[in-house]
Structure formats: structure tokens, C-alpha cells
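S.K.: Heads up: the sequence lines are chains R and W, in that order.
Just so you know, we're using my numbering here: the first sequence kicks off at 1 and counts up by one.
Just so you know, we're using my numbering here: the second sequence kicks off at 1 and counts up by one.
Bear in mind the hints are in silico, worked out from the structure with no lab data behind them.
We put the beta carbon where it would ideally sit given N, CA and C, even for glycine.
There's no promise every hint is true.
To be verified - To spell it out: a stretch of chain W is covered by chain R in this simulated footprint if at least three of its residues, at any positions, have a beta carbon under 8 Å from a beta carbon of chain R; those stretches are:
no.: 1; stretch: 250–260
no.: 2; stretch: 317–323
no.: 3; stretch: 388–400
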Amino acid sequence: MSAITREDVAHLARLAHIRMDEQELDKMSGELAVIMDAVAAVSEVAGDDVPPTSHPIPLTNVFREDEPGEMLSQEQALAMAPEAEDGQFRVPAILEGE
Amino acid sequence: MNATTESTELIRLTALQMAEKLRTGEITSVELTQAHLDRIAAVDGGERGIHAFLHVNPEEALAVAAEVDAIRAAGGAEAEALHPLAGVPVAVKDNIVTIGQPTTAGSRMLEGWMSPYDATVVTKLRRARLPILGKTNLDEFAMGGSTEHSAFGNTRNPWDLDRIPGGSGGGSAAAVAAFMAPLALGSDTGGSIRQPGAVTGTVGAKPTYGGVSRYGVIAMASSLDQIGPVARTVQDAAALQELLGGHDAKDSTSLTEPLEGLLTAARQHDVTGLRIGIVSELRGEGYQEGVLERFREAVTILQDAGAEVVEVSCPHLKYALGAYYLIMPSEASSNLAKFDGVRYGNRVVPDEGGTIEQVMGATRAAGFGEEVKRRIILGTYALSAGYYDAYYGSAQKIRTLVQRDFDEAFSKVDVLISPTSPTTAFGLGEKIDDPLAMYLNDVATIPANLAGIPGISVPGGLAEGLPVGVQFLAPVRGDAVMYRAAAALESRLEQAWGAQLWTQAPDLDDTRSTQPAGVGTADRTAGGENR
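Please work from the sequences and hints to get the whole structure.
M.R.: This is the structure we're talking about:
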């Protein structure tokens, strides 16, 4: 079931927002196929009776009073932004065209 | 003894010995910090330098050292209240955020980025007044087992300059092994503290999950990541973990009860009646013979010291590596989605311009290295519709089975023992084109992260001149018994060797004299202020 194709990788790269050229797609699909073959056995081990574990230590919800604590100033938060304007992050156009 | 010999001797002390000399006034923190900065200047730069540091922080480190010295000189309540490790310098892995020094996580994505806040562990170091020497090299975003995936060049192993120092925390381990720092911070997601410890002849511990706050570590896989100590002795590691640990309201997953008595346990050296289990699944095939020889000797030494050694089986550990390489990339693909070139990090705009989506695609293509891209794609695949149950879901079930295996084992024994890494340090470049071979390095360290239990690697001797690590694992919150067993082995091995293992390490050349003119350290500094 683990056959991971070049088209799969191209699709996944789009989902993950990583631009990849043809050469990268070839290399990565080959490598991922080898890795998936090696890990595929995990799907055959545990039956339906085994509950999944998402976290190593059992936790319950952590609550606190809804009071402001220490926080970054707007200036600090924007200081390392690639582009900022009028106290906000400046981003490229969301939609194509004007 | 001339001044140079004195400072050479000084850097070879343990952190606790340094702390004692500071307390009695025999040395000052400025002398001690300067001795380490001198060592960094001598062996870390140039073509054949160790390159453990991505950034060196002399002004701030010396200022903190001078503060400690002034407080001590003044005496009184403030001097009394100083932390026992005050004035002992420390290095910080570069995926842990620091105000005033760049934090890159070994990635082009964050080249030159300055954090507006400190990680909780850094706040604790500052409060205890440990001078921070600088930021250490790592595989990009802590993804790798050799530090070769750093975007800013590899780190060399002080035992053999043509070999890897382990990873992802190769910089912290190499800095401590080469006497550039007595203590360092690491982060361990699948072995990134312990495996570098093993291959550099140093001590590295991964605390119980939640034992140390993760606030301010750049997350790779949040349910597996754990910050921990890197040192040359078990006692030094225990002392540093005590400083770092405790509940933190900024990390909801941090344990509410602190893990106590670690240093006391590390000073005990007694293993009479301690039940130690050899994990059948963590030796044998795939393990280098020299590693297994040192491991068998370690077991015999513990037996002779009065420990009860039995063999235990954890049958599901053979699936742990597979489960890990589905869970870790899944969490990483989600954690790394925040690097989109909008709020921080570097933005790359395609030549033809483009929408935010195209800018993100170009930014992430240029900012991430191969291994990071591989893991993001792998994680995106494991989480995608149609595959989620078969891969991510199944891996989480294996996590349950691994935990049950450990629970069963710890109902019979107090600690488990295994080799830390199946091999000694391999050559630079040897596995760089074979991701799967690289992943297999972590086979003995990964299970602890899946189960959240603590693990430590201690030097077990040499195989063909290279360090071998012995790993101890303990139940959740069993960090103290882990330190006790590790310290007992360490002290008996040192008795047998007549000295600490590091006395057998080769002397490092001063690379400043061999450096060709014009080749400075500037090209290797990952941004911000130069060293």
C-alpha cells in the first residue's frame, strides 16, 4: 500500500507549500518509497482493541484565570517580520491580479 | 605553572569542581569564562576547527561572570543566595530561543533572526547567573543524527575530526567534549541529546517528558521533544537538570511536581540490590561488535557491584522506529507550517512576483534543507485523508504497545540498560545520501521518547579508539534512579581506567596558527554579530 509516486509527492509538496523542481520530485519520491517500505509494517501490528496514544503522559485540561500576563509589544512582535507597515504584518497579494 | 597551563587545567575540571573553586574564591568566574572563550577561539574556528558554535557571546558572558564575581566579593546575603552553579559557563543549542543572540535552529529560514523572548530554560540560566558562552550547531530544526544537516556547515567530532559528532545536538556534545564548555543544553526528540553524548564520550540525559519546560524550544515534534542537560559527568548533568526542571505555566505539558533528588542520587554510587534489565531487543543484529563488548563489560561491572541483572523482553520495540518515523514527521509538518515568510524568518519572492501562496512556496523551498523537506512531505503524507488510519493512527497504537512493554518491564526491574547507539561515530559524509541508514542510528533511543520515560547516555569506554555510550532508561518520573545507576557505572569504570575517559581524547591543535590568511570564521557565523 505504500507505493508513493512522483505525482503523490508533487501533490504533497503543493499541500505543504514547498515549491519543488522536477529533479527534486524524482529524488524525493525515490527516497520516500524506501522510507515508507521500512515503516509500513506498523499498520499490521496493532488490532482494533489497542487504543492510540497521542501523548506520553496523561494530561487533563489546564486552566488559568483569564488575566493578561507578560506579552510582547507590537514593536517587538513586528521587529523581525519580513515586511511590516502601520503596525501590521504586510503580506503579498492573497488573490491573483489586481 | 604558567598562565596558559593553568587555564588549560581549569577547563578540564568538572562543572561541580569549577563551582566549588568559585565558591571558595580560588578562581573567578571571569577567569573561568575567559578560559573557555580562549579555548573556543583556539579550537572551534578554521578549516579543521570543531565548529561547535554558530554564535559566540563573549561580551554578555563576561558581563554576567563579572556580576557573579562582584556579588561574591561583596559577600552577605546576596552571595549566600547565589545558585551553586552561578558563574559556571554554559552553551545553548541553537533551537532554544535567546534574547540578544541570534537563534537559527541551523536553518537558512531563520538566518539572522533575533528572538524577542527567552526560553524558560534560558530565563533559569540567567536567574542562576550562568554565563552563556554562545549557541551551538545542530541538524536543521534538530532533524538528523550527525549535525551534517545544519545549513551552516557540519561540526567535527573532537575524537576524530573526520567523523560526525552525532546529532542533532552535535554542537553541544562536541563543545563539552572539547572543553569549550563544561555544560550545555540539548533537546531530545528521538535521541538528539543521548546519541551525540555516546559518540563524543560525554554524558547526555533526556528527562521524563515534561520534567523540563519546552517553552522557547523551536518545536519539532511536540509530544516527543524534551530539553535536557549535556555534561562530562553524571553529577554535572544531574545538577544542570535540577536547575532547568520544574513546572512552568507557559508549558501546559510540564509536570506539576518537580523531579527531585537527582544530584543526591548521582552522588550515591551504590547499586546493591538495584534491579537492572537488559533489553533483549536493543542489542544483537545491527550493533557493532566493539559496542556490544563495552556494553557487556558495563553489565558485568554493575553485577559485580551488587546489582541484580536480568534479561527482559519488550517485543514491540522492533516497531518503535517505524512508528517514530510516522509520528515525528506528522507533528513536524504541522509545527513547521508557521514558517511561511509572514511573521518572522526570511521571505523569498519569486522573480516573477506572485501571490502569498507562491511566495510561501518559494520561501519554504529556499529556507528549508533537504531533510526538513523530506520530513514535512512524509508527515503530510502520513496525515493525509485515506492514509491517516493506516499510518498515523497505527503508529499511535504502537506507541501504546511500547508503553505497555515498558510498564511490564518496570514491574520487574528498576532501570533498563542498553547500548545508546548501535555504532561508534561514523565518517563525515558516510550516510548523508542514505536517509534510512541515518534513521537507524536512533533505534535504541527512540523508544524512550515514544513512552515519555527518562534516558541517559554515559561513556562506556572506547571501541577502536572511539567512544561507546551505555544507556539507562527508567520509568516515568524515575530520573533519580536513572542518575543513580548511571553514576554507579561511571565511577566504577573510571576506577578501572584510572581516570575519566576524556583523558584519552586526542589533543586538539590550535587552528588559529594553521588557518590560511583570509579564511576567517565570518563565513561560518550564522548571522548577527560576528565572533
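S.K.: All hints, please: hold or fail.
M.R.: Evaluation of the provided hints:
For the stretch 250–260 of chain W, the assignment as covered by chain R holds, since 3 residues bring a beta-carbon within under 8 Å of that chain's beta-carbons and 3 suffice. Interface restraint, the stretch 317–323 of chain W with chain R: holds (4 residues with C-beta to C-beta distance below 8 Å; minimum three). Counting residues of the stretch 388–400 of chain W whose beta-carbon sits less than 8 Å from any beta-carbon of chain R gives 10, enough to reach three: the coverage restraint holds.
In summary, the structure agrees with every hint in the numbered list given earlier.
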